[in-house]
Amino acid sequence: AQRVTQPEKLLSVFKGAPVELKCNYSYSGSPELFWYVQYSRQRLQLLLRHISRESIKGFTADLNKGETSFHLKKPFAQEEDSAMYYCALRGTSYGKLTFGQGTILTVHP
Amino acid sequence: EAGVAQSPRYKIIEKRQSVAFWCNPISGHATLYWYQQILGQGPKLLIQFQNNGVVDDSQLPKDRFSAERLKGVDSTLKIQPAKLEDSAVYLCASSSILDRGRTQYFGPGTRLLVL
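Chains A and B supply the protein sequences, listed in that same order.
Numbering follows this note's numbering, with no gaps: position 70 of the first sequence is 1032.
Numbering follows this note's numbering, with no gaps: position 95 of the second sequence is 209.
Just so you know, the hints here were simulated from the structure itself, not pulled from any lab data.
Do not take every clue at face value.
What the hints assert, rightly or not - Here are the simulated DSBU-like cross-link-like pairs (lysine-lysine), alpha carbons at most 30 Å apart as the crow flies:
no.	chain 1	residue 1	chain 2	residue 2
1	B	K125	A	K1019
2	A	K1035	B	K197
3	A	K984	B	K125
4	B	K197	A	K971
5	A	K1019	B	K158
6	A	K971	B	K185
Claimed, not checked - Pairwise CB distance ranges (calculated):
no.	chain 1	residue 1	chain 2	residue 2	range
7	A	H1012	B	R130	41 to 51 Å
8	A	D1024	B	I152	27 to 37 Å
9	A	G978	B	S180	45 to 55 Å
10	A	T967	B	R214	40 to 50 Å
11	A	H1012	B	E128	41 to 51 Å
12	B	I152	A	L972	44 to 54 Å
13	B	R178	A	P980	38 to 48 Å
14	B	I211	A	S992	44 to 54 Å
15	A	E982	B	R123	30 to 40 Å
16	B	V169	A	E1016	21 to 31 Å
17	A	T1054	B	N165	34 to 44 Å
18	B	A119	A	Y1001	17 to 27 Å
19	B	I152	A	T1054	44 to 54 Å
What the hints assert, rightly or not - On the chain A side, residues computed to face chain B include the following (Cβ under 10 Å):
no.	residue
20	P969
21	Y998
22	Y1001
23	S1002
24	L1006
Note that beta-carbon positions come from the ideal geometry of N, C-alpha and C, so glycine has one too.
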């Protein structure tokens, strides 16, 4: 079975502060991990995926297989980063995505 | 390119009534997904189509939910009869086989309230 846990439902930081959104997963094989984001009044959209090893909007995420984690990080948060963030896992190519419960990030001015 | 389209955007029905949702994926996307998102939870996959064939419907409550994608393009999801616990946002998404489905593009969702 595949499971994704996001332990924080709410996370508040001030502009310019570092931010880390936690994601832990459970899967017996080699999963693909993703972060999706939903800004206010917008659609759910892909932010980044571990296989690309990319930085999007200043966010990065490293897959730690030993700790089964895929935490999302940004060194200096901006107000426009305020959104709902979902961590998601896929076990096989073309397989289904399993989402975590999401973390609401609020960046205060 | 045009995004994933869904209709209606909102629907209010009484329990035991039936309801149908429609989705038109991005042109050329072979894979289509229906998710259910209950308030406070992440999206949960109900059914995944590859063209007009079902890839995964393991979490679809088949006694009341049905979905079809007859021509491999648009899709409908039906609930009959609806229960109170079906109140949720129903999201449709699509993806291309060219990137092995790694990027899913979501529609705006249909918000269902069952009274």
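The hints, checked one at a time:
1. K125(B) - K1019(A): violated, 35 Å
2. K1035(A) - K197(B): violated, 40 Å
3. K984(A) - K125(B): With a Cα-Cα distance of about 34 Å, the restraint between K984(A) and K125(B) is violated, given a limit of 30 Å.
4. K197(B) - K971(A): Given that 30 Å is the threshold and the Cα spacing comes to 27 Å, the pair holds.
5. K1019(A) - K158(B): holds, 27 Å
6. K971(A) - K185(B): The hint is violated at about 40 Å.
7. H1012(A) - R130(B): 41 to 51 Å: holds, 44 Å
8. D1024(A) - I152(B): 27 to 37 Å: holds, 30 Å
9. G978(A) - S180(B): 45 to 55 Å: holds, 51 Å
10. T967(A) - R214(B): 40 to 50 Å: Because 25 Å falls outside the window, the suggested range is violated.
11. H1012(A) - E128(B): 41 to 51 Å: holds, 45 Å
12. I152(B) - L972(A): 44 to 54 Å: violated, 18 Å
13. R178(B) - P980(A): 38 to 48 Å: Since R178(B) and P980(A) have Cβ atoms about 46 Å apart, the given range 38 to 48 Å holds.
14. I211(B) - S992(A): 44 to 54 Å: violated, 21 Å
15. E982(A) - R123(B): 30 to 40 Å: holds, 35 Å
16. V169(B) - E1016(A): 21 to 31 Å: holds, 27 Å
17. T1054(A) - N165(B): 34 to 44 Å: violated, 18 Å
18. A119(B) - Y1001(A): 17 to 27 Å: holds, 20 Å
19. I152(B) - T1054(A): 44 to 54 Å: violated, 25 Å
20. P969: Where the cut-off is 10 Å and the nearest Cβ of chain B is about 13 Å from P969(A), the hint is violated.
21. Y998: holds, 8 Å
22. Y1001: violated, 12 Å
23. S1002: At about 13 Å, which exceeds the 10 Å cut-off, the nearest Cβ of chain B leaves the hint on S1002(A) violated.
24. L1006: holds, 4 Å
Hint violations for this structure: numbers 1, 2, 3, 6, 10, 12, 14, 17, 19, 20, 22 and 23, all remaining hints satisfied.
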